[in-house]
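Listed in order, the protein sequences are those of chains G and X. Reminder that position 186 of the first sequence reads as 185 in numbering that gives the first Met the number 0, one-by-one numbering, no gaps. Reminder that position 61 of the second sequence reads as 60 in numbering that gives the first Met the number 0, one-by-one numbering, no gaps.
Hint data in this document are derived by calculation from the structure and do not stem from the laboratory. Note that the structure is a prediction, hence the values are computed from the model and not measured. Hints should not be assumed to be uniformly reliable.
[To be verified] Derived coverage of chain G by chain X (criterion: at least 3 residues anywhere in the stretch with Cβ under 8 Å from a Cβ of chain X; other residues may be distant):
#1 22-30
#2 49-55
#3 193-201
#4 271-280
[As the list claims (entries may be wrong)] Far from chain G, by Cβ distances over 12 Å, these chain X residues were calculated:
#5 D4
#6 T97
#7 V186
Glycine included, each C-beta is placed from N, C-alpha and C at the ideal position.
Number of protein chains: 2
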Amino acid sequence: MLLPDDPARAFMPYPPVEVPSAPSGPLAGLTFAAKDLFDVAGYPTGGGSPHVLAMSGVKSVSAPAVQLLLDAGARFVGKTHTDELAFSMNGRNAHYGTPVNGGAPDRIPGGSSSGSASAVSNRLCDVALGSDTGGSVRTPASHCGLFGIRPTHGRVSLDRTLALAPSFDTCGYFARDGATFTRVGEVLLGADSASLPDRPRVLLAADAFAMLETEVRGALAGVVQGIEATLGAAELVEAAAPTGFEPLYWAFRRLQGREAWEVDGAIIERFRLPLGPGVAERFAFAREVTDHEVAEARELRASLTARLDALLGTDAVLILPTMPDVAPSLTDSEASLDAYRNRAINILCLSGLAGTPQVTVPLATRLGAPLGLSLMGPRGSDLSLVRLAARVAEAVGRPEARAA
Amino acid sequence: MLLPDDPARAFMPYPPVEVPSAPSGPLAGLTFAAKDLFDVAGYPTGGGSPHVLAMSGVKSVSAPAVQLLLDAGARFVGKTHTDELAFSMNGRNAHYGTPVNGGAPDRIPGGSSSGSASAVSNRLCDVALGSDTGGSVRTPASHCGLFGIRPTHGRVSLDRTLALAPSFDTCGYFARDGATFTRVGEVLLGADSASLPDRPRVLLAADAFAMLETEVRGALAGVVQGIEATLGAAELVEAAAPTGFEPLYWAFRRLQGREAWEVDGAIIERFRLPLGPGVAERFAFAREVTDHEVAEARELRASLTARLDALLGTDAVLILPTMPDVAPSLTDSEASLDAYRNRAINILCLSGLAGTPQVTVPLATRLGAPLGLSLMGPRGSDLSLVRLAARVAEAVGRPEARAA
């Protein structure tokens with residue numbers, strides 16, 4: 000007998016298949032799940048779409064990211080729900096429902112890696128793979144009170160994984176605590192090409208914090224002070240200078256849209272897919288992106304990338320908000336979620352466009368719900384960034400502990 | 000390159016798997032499809048529900064109805080779309096879309112055996128299996144201009160087939176012409192336990208025709224005259240006497256609802272299935288049916304059954320409308336479709352409740368769209384009823400021929 004809001008709804012209800020893992024290894028004793036974009040031998044790959052599921056067939060080879068965890072001794076426990084074709088950050092899949100946010104059950108889990116964040120936050124597994132194109136790990140991690148990473152673009156293989164927008168797609172993961180977050184990072188991310196120093200320069204994206212409502216800034220202020228007490232005073236920078244956020248927002252949406260249409264447009268048109276609310280509108284937008292808009296957006300992307308690379312150098316970490324606020328309520332309208340999403344993309348698009356790694360750390364709460372804070376590092380610094388996040392969380396303390 | 004309204008959308012997009020069939024036999028040379036409620040070895044069974052598809056796994060044994068056709072030499076070409084959990088007669092599946100009505104492409108195909116009727120009416124195969132619980136073969140057959148049968152309840156095995164409401168569920172099929180309809184019936188239906196005589200008594204359900212709008216009665220009048228010219232003058236009877244249709248309508252809906260909830264309620268509640276428009280409301284209704292209502296409905300069912308058995312004897316065929324009208328437009332609202340559905344159930348519920356066989360014959364058109372006329376026979380007379388339908392169609396002529 001299951002409860003009305005059974006956390007097990009995090010998982011796709013596939014018939015369980017034994018997936019062999021190494022009997023020992025650095026991740027022995029850990030359980031993991033994988034977003035249903037990653038192939039897992041013995042399972043289909045549904046991508047949150049009934050049509051993609053039907054077309055999938057059963058896979059015989061697991062995605063490299065899955066196989067890395069299996070070979071390190073972690074035990075696979077299931078495939079998790081995703082927003083339809085991964086093109087949403089809400090977690091409300093029109094065909095499969097909404098996984099339960101373990102950090103705030105009356106709120107959306109966030110997406111698109113909704114089921115992975117749900118499974119970890121409900122303690123149904125220790126860690127879960129997700130993908131982050133425009134925020135799909137960072138968003139649900141912040142909403143559900145988890146550590147989450149969007150790695151350097153290209154850092155972790157996305158072979159045998161459904162794409163959304165390849166020049167933005169990354170393979171990330173979720174964990175509840177810094178130790179597990181680090182342990183998995185050592186396996187999945189591998190050695191850094193450019194580690195952060197033990198005492199990095201600290202930057203703070205003043206323009207991103209300025210976009211937040213006063214109450215949200217207030218909820219994050221103490222956490223920022225705690226980080227400064229640990230790592231040293233932050234230098235204020237304008238992350239989105241010289242253009243400001245709005246042109247970056249459009250550049251992100253147009254480039255992502257163009258690529259998403261190239262990936263999914265054919266099956267959407269061929270089968271006239273009845274896409275869910277929001278997803279349908281986003282693909283309709285994607286279809287109309289012009290070559291001229293793409294060319295402009297690429298220029299902006301290149302200049303932002305150069306600017307963030309210059310700001311970060313090889314030794315700086317940038318503090319920025321993960322999301323504009325805690326997760327919206329389960330009962331919010333699609334229009335309200337869409338407005339929230341657009342605000343969020345303004346902040347999330349920075350590392351999306353630049354390809355830099357970003358971790359979100361469950362350091363704050365507001366209205367009784369989790370709220371993450373992010374650290375962005377230089378490209379290639381992923382593992383040291385993960386370790387830094389764990390160190391910061393240890394020093395600053397979890398929000399429950401601080402509140403107590 | 001596919002057309003905007005590609006008829007191939009009749010099929011679930013499963014990866015094709017070779018399904019062996021006999022090299023020769025009575026159905027050699029025919030191609031067939033099966034509604035995605037029937038297990039076919041090598042395929043999952045999705046039932047029009049993304050969750051059921053996910054839970055299915057790949058089947059290793061085909062349903063007996065499928066196997067009968069394979070063993071008779073028919074070649075399997077694919078699994079066809081169904082309304083969600085087969086609980087609709089529209090063919091507009093919220094998760095998979097709407098198959099194309101080959102007889103009237105601007106109109107809904109009808110359902111729940113929507114893809115089967117779509118595939119046959121678009122000449123993508125010669126024959127297709129469907130199921131009929133409350134009209135799910137008869138409705139799309141009438142809408143798409145096909146021969147279709149709801150057999151005597153229990154006549155054709157529904158093993159390895161997803162249920163909707165077992166005391167109503169039957170395995171039927173579609174064909175474009177009387178010869179193919181008969182040829183398949185000889186294999187699928189087997190020998191009659193109670194064949195109709197060559198010159199059956201002819202009855203006409205005056206009360207069912209009285210429910211139709213004048214224009215619809217007009218469209219069917221010539222066809223009825225043609226049947227009388229072939230089989231002899233019809234005796235007018237009141238099929239729904241003594242209660243009239245409305246109590247039968249409610250008895251059908253309540254009994255079907257109770258059984259449907261027993262079949263599907265557990266997964267609907269466990270996964271909080273986001274059911275499509277109309278389907279959600281029908282299951283909500285089903286959940287609330289009371290034991291008292293069920294008991295009353297069973298009494299009514301028994302008395303109707305006894306009355307129809309008495310009317311039909313072993314030698315009569317009852318002429319009745321299949322549907323209240325031609326298929327509604329693709330752009331009609333859910334509310335409008337629901338009103339149409341409720342009118343249709345008044346007529347469709349007769350053989351649903353009584354378990355008697357009913358064939359619908361593509362004899363009329365209206366507004367340029369197909370409109371079927373039905374023949375009901377005594378229980379066990381299925382194959383002779385099929386042959387009679389083919390004979391009548393031959394004698395009366397196809398609507399295209401008469402119009403020319």
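Going through the hints against the structure:
no.: 1; hint: 22-30; in the structure: violated (count 0)
no.: 2; hint: 49-55; in the structure: holds (count 6)
no.: 3; hint: 193-201; in the structure: violated (count 0)
no.: 4; hint: 271-280; in the structure: holds (count 3)
no.: 5; hint: D4; in the structure: violated, 8 Å
no.: 6; hint: T97; in the structure: violated, 8 Å
no.: 7; hint: V186; in the structure: holds, 29 Å
In this structure, the hints that do not hold are numbers 1, 3, 5 and 6, in rising order.
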